[in-house]
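Q: Each chain is listed here by its residues.
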Amino acid sequence: MPYATREPIRVDTLIADVAGPTRGGTAVFVGSVRRGPEDGPVTRIEYTAHEPMLEAEFARIVTEAIERWPDARVAARHRLGVVATGEASLAVVVAAAHRAHAFEACRHVVEEAKRRLPVWKREIFDDGTSSWRDNAGGRVASDAPAGGP
Amino acid sequence: MAALRVRCRLFARYAEVVGSDEVTVELPPGAVVSDAIAALRGAVRGAAALPATPLVAINHQHVRPGTPLRDGDELAVLPPLAGG
Chain S
1 MPYATREPIR
11 VDTLIADVAG
21 PTRGGTAVFV
31 GSVRRGPEDG
41 PVTRIEYTAH
51 EPMLEAEFAR
61 IVTEAIERWP
71 DARVAARHRL
81 GVVATGEASL
91 AVVVAAAHRA
101 HAFEACRHVV
111 EEAKRRLPVW
121 KREIFDDGTS
131 SWRDNAGGRV
141 ASDAPAGGP
Chain X
1001 MAALRVRCRL
1011 FARYAEVVGS
1021 DEVTVELPPG
1031 AVVSDAIAAL
1041 RGAVRGAAAL
1051 PATPLVAINH
1061 QHVRPGTPLR
1071 DGDELAVLPP
1081 LAGG
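Going down the list, the sequences are from chains S and X. Residue 1 is where the first sequence starts when you use our numbering, and the numbers rise one by one after that. Residue 1001 is where the second sequence starts when you use our numbering, and the numbers rise one by one after that.
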């Protein structure tokens, strides 16, 4: 399955993908579109990506994790397109023999995904304006029309 | 040796700034990534607003400014990343 999806992320499917009789610990991370006090009136985020590179880079990240934690199995998705507040934008599920490796590998994949995946997000506000937002907290107003419903 | 043709791809805010999502630049043999960025910034109106040392990837892999280029490479010019 591709790592990128335009459909809502099904965490139960990801858990099933990594389950196995030798893997007794499963760690799940779900990142969701946020509308916190510091975020302003965000109603949704439009995610875009360099999709072939997203697939290649995510595969490299997962391969690195499995090399480091050989008992781990990893399933992950990144949502693209317009995602409403509260919906999942990134999910990483790791099953391993024991919980320590599951937690460590899951954290590693999440952090590397945020650091390396060629994904961009445009926050769309209540009044229809939007701004590009990066993972360092930077914001730049966009002149482009806000997309999505 | 023949000149290199490199396809520069632009994404998100950078595509908005330049007004295009793809610009091909020609470079002398032996050119590296930073040469392509300099050529790109001078090739198209609006591209001068791009940073001199943006994040870059060749053929879907992150690289550094000194990485050599080959004819036909895709050079992705990446705005600050925002996945997750």
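Since the hints were derived computationally from the structure, they do not count as laboratory data. Among the hints, a few may not be true.
[To be verified] Incomplete in silico selection of chain S near chain X, CB under 10 Å:
#1 Arg6
#2 Ile15
#3 Thr26
#4 Val28
#5 Arg35
#6 Arg60
#7 Val82
#8 Gly86
#9 Ala113
#10 Arg116
#11 Trp120
#12 Gly128
#13 Thr129
#14 Trp132
Predicted, not measured: the structure shown is a model, and the values here were computed from it. Idealized CB from N, CA, C, for every residue including glycine.
Q: Run every hint past the structure and note whether it holds.
A: Okay, the hints, checked on the actual structure:
Contact between Arg6 (chain S) and chain X, as hinted, is not supported at the beta carbon level, the nearest pair being about 15 Å apart and thus beyond 10 Å. Taken as an interface hint, Ile15 (chain S) does not check out: its beta carbon lies about 19 Å from the nearest beta carbon of chain X, beyond 10 Å. Here the hint on Thr26 (chain S) is broken, as its CB sits about 20 Å from the closest CB of chain X, past 10 Å. A least Cβ separation of about 15 Å between Val28 (chain S) and chain X goes past the 10 Å threshold, and the interface hint is therefore violated.
The interface hint given for Arg35 (chain S) is violated, since its Cβ lies 16 Å from the closest Cβ of chain X, which is over the 10 Å cut-off. Taking 10 Å as the C-beta contact cut-off toward chain X, the hint placing Arg60 (chain S) at the interface holds, the least distance being around 8 Å. Taken as an interface hint, Val82 (chain S) does not check out: its beta carbon lies about 15 Å from the nearest beta carbon of chain X, beyond 10 Å. Because the smallest distance between the Cβ of Gly86 (chain S) and any Cβ of chain X comes to about 15 Å, over 10 Å, the interface hint for this residue is violated.
Annotation: Ala113 (chain S) was flagged as interfacial toward chain X, and the flag holds, the nearest CB pair being 6 Å apart, inside 10 Å. A least Cβ separation of about 7 Å between Arg116 (chain S) and chain X falls short of the 10 Å threshold, and the interface hint therefore holds. Given the 10 Å rule on beta carbons, the hint for Trp120 (chain S) holds: about 4 Å separates it from the nearest Cβ of chain X. Against a cut-off of 10 Å between C-beta atoms, the interface hint on Gly128 (chain S) is violated, since the closest Cβ of chain X lies about 17 Å away.
For Thr129 (chain S), the interface hint is violated, since its Cβ never comes within 10 Å of a Cβ in chain X; the closest pair sits about 14 Å apart. For Trp132 (chain S), the interface hint holds, the least distance from its beta-carbon to any beta-carbon of chain X being 5 Å, beneath 10 Å.
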